[in-house]
Each structure stands twice: as structure tokens, then as C-alpha cells.
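Undergrad: Sequence:
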Amino acid sequence: MPELPEVETTRRGILDAVLHHRVLNVQVHERRLRWPVPAELARMQGQRVTAVTRRGKYLLLHTGAGTALVHLGMSGSLRLVSPGTPRKTHDHVELTLDSGLVLRLHDPRRFGCFLWLTTPPDEHPLLADLGPEPLEDGFDGGWLHRLSHGRSAPVKNFIMDSHVVVGVGNIYANEALFRAGIHPLRATGRISAARYDSLAQAIRDILTYAIGRGGTTLRDFVNSQGEPGYFQLELDAYGRGGEPCHHCQRPMKEVRLGGRSTVFCPQCQH
DNA sequence: CGAGGGACCTGGTTGC
DNA sequence: TGCAACCAGGTCCCTC
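Going by this note's numbering, the first residue of the first sequence is number 1, and it counts up by one from there.
Any given hint could turn out to be false.
As the list claims (entries may be wrong) - With a Cα cut of at most 25 angstroms, we get these calculated SDA-like pairs of lysine to any residue:
hint, residue 1, residue 2
1, Lys253, Leu235
2, Lys88, Arg32
3, Lys88, Gly214
4, Lys88, Asn170
5, Lys88, Arg110
6, Lys253, Gly181
7, Lys253, Arg190
8, Lys88, Arg11
9, Lys253, Gly239
10, Lys88, Gly181
11, Lys88, Met74
12, Lys253, Leu135
Unchecked claim - The following label-pair restraints were derived from C-beta to C-beta distances:
hint, residue 1, residue 2, range
13, Ser152, Ala193, 16 to 26 angstroms
14, Arg109, Gln249, 34 to 44 angstroms
15, Gln27, Glu243, 43 to 53 angstroms
16, Asp140, His246, 20 to 30 angstroms
17, Glu123, Arg204, 53 to 63 angstroms
18, Thr50, Arg87, 20 to 30 angstroms
19, Lys88, Gly46, 19 to 29 angstroms
20, Glu40, Thr208, 45 to 55 angstroms
21, Pro132, Thr85, 37 to 47 angstroms
None of these hints come from the bench; they were simulated from the model. Glycine is no exception: its CB is placed at the ideal position from the N, C-alpha and C atoms.
Take these sequences, add in the hints, and give me the full structure.
TA: Take a look at the structure:
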């Protein structure tokens, strides 16, 4: 399931094949993604890609005529293949580039999207209200603490809210809370500024580390070369319910929070 | 405004 | 063995 490190890994992986290259052909095999792939995406044909950027978990392919806005959803990946490579089931959209490679969106669960924007991307409804990037200025413990005021929902939900900070999905929310020693069910508004400093630092650390390792491998994720990441072997919390805590060796507890698997150490997290 | 739950979707796993 | 039920979960959207 692509989270921010996986999307960033993908962005870096496709950069050489896409940036400054011309889109020779746009093919849509399945329009029914999270939102229908617009017919206007055809206008990308003939355009040169001037930038490949990321906002949260969205990838943006900029051209002079507009911007492709891509989200990988839960099961999506972008792959680079040679022209003529047989299409796999669930290869929904492909861009043929003059770099000699074809960029394919593969997304079995179709939670992703492939939109075409002709207005400034930052003003698009999907991007306009997003919170700060966790690895850039504007995100720190002070930001979290200010926003936390008056909120009673569990802190895990809080840090997974893209209006608060982008890019923290279920896996890294579990991991960051473990590292910061904060109980995932603790009320958002009942956490000190100092502890929010620790949490913000933990979020930055874990995301930075995961990017450095090429993203997490869980189920479907593969990078643009079709290779898995290697971070999964080092997770402390996610997927470790019932297993010994890496700090105190007591069993990790697993509960469901908003339908999401939530794993923590009752001893180490308060 | 915040909180909570439904909806979307398919492959893999589990259970009968 | 075969089939049904369930689970994974990012994000938007609706309701309270």
C-alpha cells in the first residue's frame, strides 16, 4: 500500500524516463478508477514533461498544456516497461514516451486516479486543503500541538488526517507512535507540546528512513522497476500484534480503530 | 467545526 | 475441492 515513501520512491524511479521527455501516446484501457479517467487526458499527447513532483501521496506530471495528477490508491504502482511488453491485468493507463519507455499505471483495486488538470494544481480541490509536507518547513511539534486543541479523537486518527499533515498512512502512523512512546488511542487534545515535538520528529525520521530504504514492502508495492522495497523487515509495530515489543519484550496489542489495524505496546506507549 | 461511518475495489486468505 | 465470507485500507463524502 503506497504511503509517502513509496510514492517518493516511485517519483524518483520514473524521473529519468519521464522528465524532459515527450509523451508520444496516451492509452486508457480502464477509465473506472477512483474517479473516471477524463477523455481530456488525451491532450497530454505530444506534450513534454517539464517537472515530476509530489504533493502528499499525489504525483504530478507537469506539461505546458496541463498536469496529470496521479494517485496510487492502495494497490497502485507505476512501472516502466519497454514498448510491446504484454499488458498485465489491471494495467489501466499507459504513457508512451520518447525516452523509449512506456509508463504504466497498474492498480488492481482501482482506488487510484489519473486526472488531467488545466488549472494550477495547488488550487485543485484534491490538493488545495492538504496539510504541510512532513519533511518540509511548516511541519513540527508546534504545528501539531496548535491543531490538537479541542480535539478528542484518538491521536492516531489525527496524524492520519491529510488536512493535518500529508503522507502518514496506517503503517507509518503505527510506527511513529511507537517510536514516540504515545498510545494511539490517547485523545489528541491531551498531549503536551513536548510530546508533540517527539511525535513530529518520529514522523520525519521514519519517513526519511523509509524513503532511504526504497519504501515499505507490503503486499502489492513494487517500485518503478517492479522491485519490492526492503523496509518491511524493520517494522516495530505494524503487523506485529501478539509479538514481543522490541523494547520491553511484552506482547504487542492489536485493536481496530476506524476499521484500521492498530498495533501498540501497552507498556511502552502512554 | 469535529467525529464517525459508508462507499469504492479486487486478490488473497480463511472457514465451512 | 468449491465456494462464500472476510480482510486489507487511502480518501472522499455524507450525516450527526
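Undergrad: All hints are to be evaluated individually against the structure, with a verdict given for each.
TA: Hints, verified against the model:
{"no.": "1", "hint": "Lys253 x Leu235", "verdict": "holds (15 angstroms)"}
{"no.": "2", "hint": "Lys88 x Arg32", "verdict": "holds (17 angstroms)"}
{"no.": "3", "hint": "Lys88 x Gly214", "verdict": "holds (24 angstroms)"}
{"no.": "4", "hint": "Lys88 x Asn170", "verdict": "violated (28 angstroms)"}
{"no.": "5", "hint": "Lys88 x Arg110", "verdict": "holds (14 angstroms)"}
{"no.": "6", "hint": "Lys253 x Gly181", "verdict": "holds (14 angstroms)"}
{"no.": "7", "hint": "Lys253 x Arg190", "verdict": "holds (22 angstroms)"}
{"no.": "8", "hint": "Lys88 x Arg11", "verdict": "holds (21 angstroms)"}
{"no.": "9", "hint": "Lys253 x Gly239", "verdict": "holds (10 angstroms)"}
{"no.": "10", "hint": "Lys88 x Gly181", "verdict": "violated (43 angstroms)"}
{"no.": "11", "hint": "Lys88 x Met74", "verdict": "holds (18 angstroms)"}
{"no.": "12", "hint": "Lys253 x Leu135", "verdict": "violated (29 angstroms)"}
{"no.": "13", "hint": "Ser152 x Ala193: 16 to 26 angstroms", "verdict": "holds (18 angstroms)"}
{"no.": "14", "hint": "Arg109 x Gln249: 34 to 44 angstroms", "verdict": "holds (37 angstroms)"}
{"no.": "15", "hint": "Gln27 x Glu243: 43 to 53 angstroms", "verdict": "holds (45 angstroms)"}
{"no.": "16", "hint": "Asp140 x His246: 20 to 30 angstroms", "verdict": "holds (26 angstroms)"}
{"no.": "17", "hint": "Glu123 x Arg204: 53 to 63 angstroms", "verdict": "violated (27 angstroms)"}
{"no.": "18", "hint": "Thr50 x Arg87: 20 to 30 angstroms", "verdict": "holds (28 angstroms)"}
{"no.": "19", "hint": "Lys88 x Gly46: 19 to 29 angstroms", "verdict": "holds (27 angstroms)"}
{"no.": "20", "hint": "Glu40 x Thr208: 45 to 55 angstroms", "verdict": "violated (37 angstroms)"}
{"no.": "21", "hint": "Pro132 x Thr85: 37 to 47 angstroms", "verdict": "holds (39 angstroms)"}
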